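Novice: So the chains spell out like this:
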Amino acid sequence: MSKARLTLRPSMQGYVLLAPALIVYLLFAVYPMIDVIRMSFSSWNGLSPQAKFVGLANYRAIMTQDPVFWGALWNTLIWTTTAVIVPNLIAFGVALALNQNIPGRSGLRIVFYLPVIIASIAVATIWKWMYDPFFGLFNGLLTSWGLTGWIMDWLGDKKIALWSVFVAHVWQSVGFSMVLFLAGLQSVSTTLIEAARIDGAGRWGVFRYVTLPALVPTMTVVFVLSLINSLKAFDIVYGMTGGGPAQSTQMLAMWAYTQSMQLGVFGRGAAVSVVLLLITLVVVIPYMRWMFKREDMGR
Amino acid sequence: MKVFSQAFRPVGSNKVDPVLVALWIAFILFAIIWITPFLFIVFTSLKSNSTVMGSSAFSPPTELAFGNFAAAWARGNFSTTAFNGIVITFIKVPLGLFVSAMAAYALAKVPMRINKVLFALFVFGTMLPFQVMLAPIFRQVNAFGLINTYPGIILPYLAFGIPYQVFILYGFFSTVPKELSEAARIDGASHFTIFRRIFLPVSLPVLSALLILDFVATWNEFAMALVILQDPRMWTLPLGLMNFQSQFQSDYGQLNAAIIMTVLPAAIVYLMFQRYFVSGLTSGAVKE
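In the order they appear, the protein sequences are chains P and A.
Using the numbering used here, the final residue of the first sequence is 299, and nothing's skipped along the way.
Using the numbering used here, the final residue of the second sequence is 1288, and nothing's skipped along the way.
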C-alpha cells in the first residue's frame, strides 16, 4: 500500500473538521448579530443601496415617538417573569408526581410532553379556535354550566388578551421543563433517599434535604432556558392576535419584526432588537460564567 | 390488577402509600384537562361545518366527516407545503448533525490553540435569539441571492442549530475516555478516521436524541420561514397553516383537519423515538 497520500498535522485536521460548522455559524448567526447592531445606528428602508448613519436617532425615536415600544417592552417583561414562574412550577409538580411509582407513568408523560412538539403556530391556531367567542370550547363550557356571566371575548378584549395567549403558552411549555426536571430527579441517588429514610426522615425531610439540593443545577438550566424562550416570544403571539387588539399583546421580538419587515423602517426595528438583545445578555452572561465554573470544577 | 398492587410504594418502602393514591387521583384529573384541547381538535375535525355550528363545542361527532381531511389537503395546498417541509427537514437535520459532530469532536479531542475560545463562542450561540435578528438574516440571505430557495432557509437553520448540537455533543465526547482515541492515534490513524470509525458510532444514542429534537424543531419552524420563504410555492407547513387559518376561518372542521395533518408527522416521530429522547438528552444536557 502506498504511504504517499496527503497527511495533515493533527491540529490542521482539527481545523478541517471544525470549518463547515464554524463558517455557517459565523456567516448566518454571528454576522447578522453584528449587522443588527450596525443597522440600529443607521436609517435604511430596505430598498436604497446605502444606509445612512444616524447615530442614536433610532433609539431616541423608539423611546420618544413610538407609541408601541414601551407597551411591548412592558408586555415582554411581565410575560417573561410570569412565564418563568407559572409553567415551571406546574412542570415541577408534574415531574415530582411522575417520578413516583404510580400507574400510567409513561402515558402521562406523553400527555404532558405532546404539546411541546406541536408547532407553535398550530398551538396558536388551536387555542384561537377554543377561545372563539361563539363556537369555541371555553364559552361553550361556560354556557353549559350556566355561567353565562363569565362569557368573554378572550382574545378581543384588550384587558385579558395577553393572559389568554399566556395560558396557551403555559399549556405548550410545561412539558419541556417537565422532561428536564424528570431527568434531574432520576439522577437523585436512591441510596441517599433510602439512607435518609432509615435515619428517620419523613416525606418532607427527604424532599427538603435530599431532592431539592440535588436539583439546583437542573433548576438553573430550566430557569435560564425558559427565560430566554419567553424573551423571544413570537410565533404564538403572531398566530393568535398579531399583537392586537390595540397592540395590547405586542412583544419586543414581534415589534422588531413588524417595524423592519412590514413597515420598512429597518433602523428602528434593529434598535428594538438591540434592546431585546441587551436584556438577553443580562441573563446569558452570568449564566455562562456559572456554567463554565461548574465545568471546570467537574474536571 | 398487578400494576396497581405494585404501585404507590415510595422508594425504600414496601407499603402502599395512601397519600400517593390521593395525589394520583388529583393528578389524573389534571391530566384530563391537559388532553382536552387534543380531543377538541379531533372531534371538530370530524364534524361537518353545520354540525360545528349547531352542536355544543365538546360533543363527540355523530357522523364522521372524514371529507374534511381531503378538502383541507386540497385547499391548504398541503402537497406543496408538505413536500417543501420534507425536503428542508431531510437535508437540514442529517447535515447539521454531521457538521456539528465533526466540530464537537475537534473541540473536544483535537488539541488546538483556540479550543476554549471557539467552544465559548458556540455556547454563546445557544443563547442567541434569532427572532431578534430576522431582518439582518433576511439581508444576509438576500445578499447571497438565496431568498425563496431551499439553501436560503437551510443555511440559517443550520447556523442556529449548530451551537446547541455542538454543545451537547462536546459534552458527550468529553466523557469518552482519552485512551480510546490515543491508542488509535499511536496506530497511525488520522483524526478523520478516529472520528468516523470510533466517535461517530459511539455517539449514536445522543445523535438520535438530537435528531428527534431537530426534526421537530425544523418541521415546526415558523418565524424564519416567514421572512425567507415569501413565495407560496416555497412555503412550509406552518406557513401554510397560518394562511389557512386566515383564509378559511369560518370552516372549523377543515381548519382542525389541517391542524392534525400539520402536527401528525412530528408527533409520530416523537412517539416512535421518545425512549431514546430522554436518555440521550440527559447524557448531554443535564449531566452530573
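Read the hints as simulated data drawn from the structure, not as lab findings.
All values derive from a computational prediction rather than experimental measurement.
Hints should not be assumed to be uniformly reliable.
Unchecked claim - Quick list of in silico lysine-lysine cross-link-like pairs, DSS-like style, CA-CA up to 25 Å: (1) K293(P) x K1178(A); (2) K293(P) x K1116(A); (3) K1015(A) x K1116(A).
Novice: Now tell me if each hint is right for this structure.
Specialist: Okay, the hints, checked on the actual structure:
no.: 1; hint: K293(P) x K1178(A); result: 22 Å, holds
no.: 2; hint: K293(P) x K1116(A); result: 13 Å, holds
no.: 3; hint: K1015(A) x K1116(A); result: 52 Å, violated
Checked against the numbered hints above, the structure breaks only hint 3 and satisfies the rest.
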